[in-house]
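Protein sequence lines, in the order shown, are assigned to chains D, U and X.
Numbered by my numbering, the letters in the first sequence go through residues 1 to 293 in order.
Numbered by my numbering, the letters in the second sequence go through residues 294 to 645 in order.
Numbered by my numbering, the letters in the third sequence go through residues 646 to 906 in order.
Check the hints yourself; a few may be wrong.
Claimed, not checked - Some chain U residues judged to face chain X by a derived CB distance under 8 Å, without partners named: (1) Y306; (2) M310; (3) Q494; (4) N498; (5) V505; (6) G513; (7) V514; (8) I522; (9) G569.
To be verified - No more than 30 Å apart at the CA atoms, straight line, and that leaves these computed lysine-lysine pairs for DSSO-like: (10) D:K280 - X:K719; (11) U:K518 - X:K719; (12) U:K518 - D:K280; (13) X:K720 - U:K421; (14) X:K720 - D:K280.
No lab work stands behind these hints, which were simulated from the structure alone.
The beta-carbon is built from N, C-alpha and C at its ideal position, and this holds for glycine as well.
Below are the chains, spelled out letter by letter.
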Amino acid sequence: MAFFFEVLVTGLMVGIMYSLVALGFALIFKASDVFNMAQGDMSLLAGLALVGFLELNFPLWLALLCTIAIMTVLAYGTVFIVLKPLVARPPIMLFMATFGLAYMIQGIGQSIWGTQAKGLNLGIPDIPVTIGGLFLSTFDLTFGAVAGILVVILVWFFHKTRTGRALRAVSDDHEAALSVGIPLLKAWAVTWMIAGIVAVVAGIAWGTRMGVQFSISYIAYKALPVLIIGGLDSIMGVIIAGLVVGAGENLSEVFIGPYVGGGIQTFFPYLIALLVLYFKPYGLFGKEIIERV
Amino acid sequence: MFYRECGNYKDSYASDMAIFPIPLDQYGFIIMMIFAFLVIPLTASDYWLSNIMIPFYCFGLSAIGLNILAGYAGQISIGHAAFMAVGAYASLILYGRYGIPLIPSILGGGLISSAVGTIFGLPSLRIKGFYLAIATLASQFIIQWIIVHWQWVSGGVFGTVETPDMQIFGLLINTPVKKYFLTLGWVVVLAIVAKNLVRGQLGRNWQAIRDVDYAAEIIGVNLYKDKLIAFAVSTFYAGISGSLITFCYYGAANIEEFHVMVSFALLGMIIIGGLGTILGSFFGAGFFVLLPIGINQVLGNFMAVVPSEILSNLEAIIFGGLIVLFLIVEPYGMARLWHTIKDKMRLWPFPY
Amino acid sequence: MNEKKEPILRAENITISFGGLQALDGVSLVIYPGEILGIIGPNGAGKTTMLNIINGFYKPDKGRIIFEGRERPKKMKPDLIAAQGIARTFQNLALFSGMSALGNIMVGRTMLMHSNIFSQGLYWGFSQKEEIEHRRAAERIIDFLQIENIRRTPASMLPYGLRKRVELARALAAEPKLLLLDEPMAGMNLEEKEDIARFILDANEELGYTIALIEHDMGVVMDICDRIVVLDFGKKIAEGTADEIKADPKVIKAYLGEAGG
Numbered sequence: 001m002a003f004f005f006e007v008l009v010t011g012l013m014v015g016i017m018y019s020l021v022a023l024g025f026a027l028i029f030k031a032s033d034v035f036n037m038a039q040g041d042m043s044l045l046a047g048l049a050l051v052g053f054l055e056l057n058f059p060l061w062l063a064l065l066c067t068i069a070i071m072t073v074l075a076y077g078t079v080f081i082v083l084k085p086l087v088a089r090p091p092i093m094l095f096m097a098t099f100g101l102a103y104m105i106q107g108i109g110q111s112i113w114g115t116q117a118k119g120l121n122l123g124i125p126d127i128p129v130t131i132g133g134l135f136l137s138t139f140d141l142t143f144g145a146v147a148g149i150l151v152v153i154l155v156w157f158f159h160k161t162r163t164g165r166a167l168r169a170v171s172d173d174h175e176a177a178l179s180v181g182i183p184l185l186k187a188w189a190v191t192w193m194i195a196g197i198v199a200v201v202a203g204i205a206w207g208t209r210m211g212v213q214f215s216i217s218y219i220a221y222k223a224l225p226v227l228i229i230g231g232l233d234s235i236m237g238v239i240i241a242g243l244v245v246g247a248g249e250n251l252s253e254v255f256i257g258p259y260v261g262g263g264i265q266t267f268f269p270y271l272i273a274l275l276v277l278y279f280k281p282y283g284l285f286g287k288e289i290i291e292r293v
Numbered sequence: 294m295f296y297r298e299c300g301n302y303k304d305s306y307a308s309d310m311a312i313f314p315i316p317l318d319q320y321g322f323i324i325m326m327i328f329a330f331l332v333i334p335l336t337a338s339d340y341w342l343s344n345i346m347i348p349f350y351c352f353g354l355s356a357i358g359l360n361i362l363a364g365y366a367g368q369i370s371i372g373h374a375a376f377m378a379v380g381a382y383a384s385l386i387l388y389g390r391y392g393i394p395l396i397p398s399i400l401g402g403g404l405i406s407s408a409v410g411t412i413f414g415l416p417s418l419r420i421k422g423f424y425l426a427i428a429t430l431a432s433q434f435i436i437q438w439i440i441v442h443w444q445w446v447s448g449g450v451f452g453t454v455e456t457p458d459m460q461i462f463g464l465l466i467n468t469p470v471k472k473y474f475l476t477l478g479w480v481v482v483l484a485i486v487a488k489n490l491v492r493g494q495l496g497r498n499w500q501a502i503r504d505v506d507y508a509a510e511i512i513g514v515n516l517y518k519d520k521l522i523a524f525a526v527s528t529f530y531a532g533i534s535g536s537l538i539t540f541c542y543y544g545a546a547n548i549e550e551f552h553v554m555v556s557f558a559l560l561g562m563i564i565i566g567g568l569g570t571i572l573g574s575f576f577g578a579g580f581f582v583l584l585p586i587g588i589n590q591v592l593g594n595f596m597a598v599v600p601s602e603i604l605s606n607l608e609a610i611i612f613g614g615l616i617v618l619f620l621i622v623e624p625y626g627m628a629r630l631w632h633t634i635k636d637k638m639r640l641w642p643f644p645y
Numbered sequence: 646m647n648e649k650k651e652p653i654l655r656a657e658n659i660t661i662s663f664g665g666l667q668a669l670d671g672v673s674l675v676i677y678p679g680e681i682l683g684i685i686g687p688n689g690a691g692k693t694t695m696l697n698i699i700n701g702f703y704k705p706d707k708g709r710i711i712f713e714g715r716e717r718p719k720k721m722k723p724d725l726i727a728a729q730g731i732a733r734t735f736q737n738l739a740l741f742s743g744m745s746a747l748g749n750i751m752v753g754r755t756m757l758m759h760s761n762i763f764s765q766g767l768y769w770g771f772s773q774k775e776e777i778e779h780r781r782a783a784e785r786i787i788d789f790l791q792i793e794n795i796r797r798t799p800a801s802m803l804p805y806g807l808r809k810r811v812e813l814a815r816a817l818a819a820e821p822k823l824l825l826l827d828e829p830m831a832g833m834n835l836e837e838k839e840d841i842a843r844f845i846l847d848a849n850e851e852l853g854y855t856i857a858l859i860e861h862d863m864g865v866v867m868d869i870c871d872r873i874v875v876l877d878f879g880k881k882i883a884e885g886t887a888d889e890i891k892a893d894p895k896v897i898k899a900y901l902g903e904a905g906g
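Please build the complete structure, drawing on both the sequences and the hints.
Below, the structure written as structure tokens:
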């Protein structure tokens, strides 16, 4: 039974990190009505930049600051160069534009910092500890905690601060927000910047775990189903869905995996997402949209 | 100069509804065919035939498939490469393991891919837009996993199956020219069929669904049926293309060749080439295949050996940049540019 | 005038609500073959909702629809209802903007076409013959509505008035037994309105279409409609000929408010 709980808790830790990445998606989706397919590549870029600055012997805080600066430039560039001309177009066009963005970020990042996989060591020991009779990795615990704290900060930011409320107003109704004097593109840029910071944390978390390399960009694709299961307009939904998916995939990998050849983690979240979509087309916690003619 | 509509009076609806209503277009098509069937195979080197023309045709074919689904029916798929994989493995199993003749095997690969694609199209009955796109991403990961983990499919060697020698009625398909013709034959037939489909009743229904789905339904379009047909046709094309590219280009089915990045690249091809056009699918595929060669040529002027790292990064930047650029400047892609030029010529010298 | 005829459509006791808002409350109406029925009422009276129920886009909470003497099953899909012979236009234009005017009109004929996918792919034999035959029918409607010069123009590039006309053409192309028009003249100038009114009358008199239309311009409604139904706050408050409606105190009150009544 202890083993079951170990698997469960490890899964939940990973789940928090999924929630984190999914939040990056959710933020941008709420603000600009679009799935940002470049979210994963943003994490990759953040990881690459951080390692790059550390290799120049920057202290950690400065390297982090520089990385966040790069993500800010990226956010403003994206919004004012790529998205601005597409504002009035159907959302599906913006969606496709983020594919182009993904290619560009990936190409530019790797041009500057190279395509080699790099280790990222922030001095967190990767040793198991025992808590309440369960063997857990300090790694997982640390990043679970960091992700958890970030999620709390984000929720607080969006609900309690002036800027946060303005951003939520934009996501609820573009035109109404404009009419009370919130500039749409500026709001988008801030949202993209926050999503960029989320990408930095995700890039560090996954980069320390598996090295900073191209495949980091795939993590984002695991967070997409989390978003769908949770329902796009519910932050709580996304967090819960992340935990469910993290725990679910880890449990199924350990207990079902051996019977079917392993590796079911790669698609398990999608399988759940498909099932949820079939029965609840707007996710578990999403609002249903009534169509009008 | 003689590319005119004026003076070409149609006296029947049949001639007005032909694929190429203007004579010069008909000649253009004939010249293109002469090029494809005679000039290229006679003059091109083996390298060009097998490393450029064949992948160009194959990607063009799957781009048509994706264009039918995304460009015409408005159902975005970002897992299309997986259906190429289904076609590839299915036709290899049919041909290599069960000894079914080559042509029926390739056709079978397409049909099996089509069947799988229809199943993965079922969510489109309930969801649309981004949600559907994510559901199609699911098909990518699920199919990939099945191919790698089910030994019956992959033959046990971690997703790689060699192609056996190809034979049609005892004729060994072993040279680049023969492989070229095998590919070309399929591509010409299927491209014409695709053109017929999209300009007929089905194509109109698809575009109606894409533009205003509720109005289409109220007018009498059976949404469920026509969406599923779009998935079936689209994945059929993907399957055939996957099977051809494996037989004639890669020489072995390898799951890495049908990675999610290939799905994204296909989407990029139809955006750059032109959403909702058959011709544009070929433009996009041609661009995709020629881009690395072009970069190589240009950079070759400055350095002796272009490092593959720089090549692939530049490729990504240009490809991505053009996707964004086309979406902003010309959402209908290269094909629309082409039509704009033709329209200018059509009215020349009286541009009113 | 048509009292003795069997109605083509009978809506009985239709009730529907959206999230607590009672959009229609026990409304019954009949449409007789060959007539033009006007549905009028202030904004939010439930007129468009009524059309949406007649063509099956919304399912009523209560009540039943009887079309050509047969009761419609509860969950019938809109495309099957269209195939029975009900076509419509939309208040906020719903043209297929990526297609030409001709393409839009041809979509209107989709349920009259029956060639299968293989025949269409080869464009051979039956499929080609069918396509030409329906093209001819579409051209007749293009002729009738005088939009020959724009048949190849993409719908997205047409001016507003012509878009409305193409939508009318698309609905006519289906050769419906019952044609529903949702504010066919909204936003038009006088001249355009007169054109559309003439087309509607011609469609009714020369081509024999049965029409139910929603319109805000009282003058037009009184002129062209055989009978008029008045809705207010989801209830039917009056029904009759133009003269009867004009004299009805309830109608006057609904339009002018308490003070005027």
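Compare the structure with the hints numbered earlier in the document and write down the numbers of the violated ones, lowest to highest. The structure conflicts with no hint, since it agrees with every one listed earlier.
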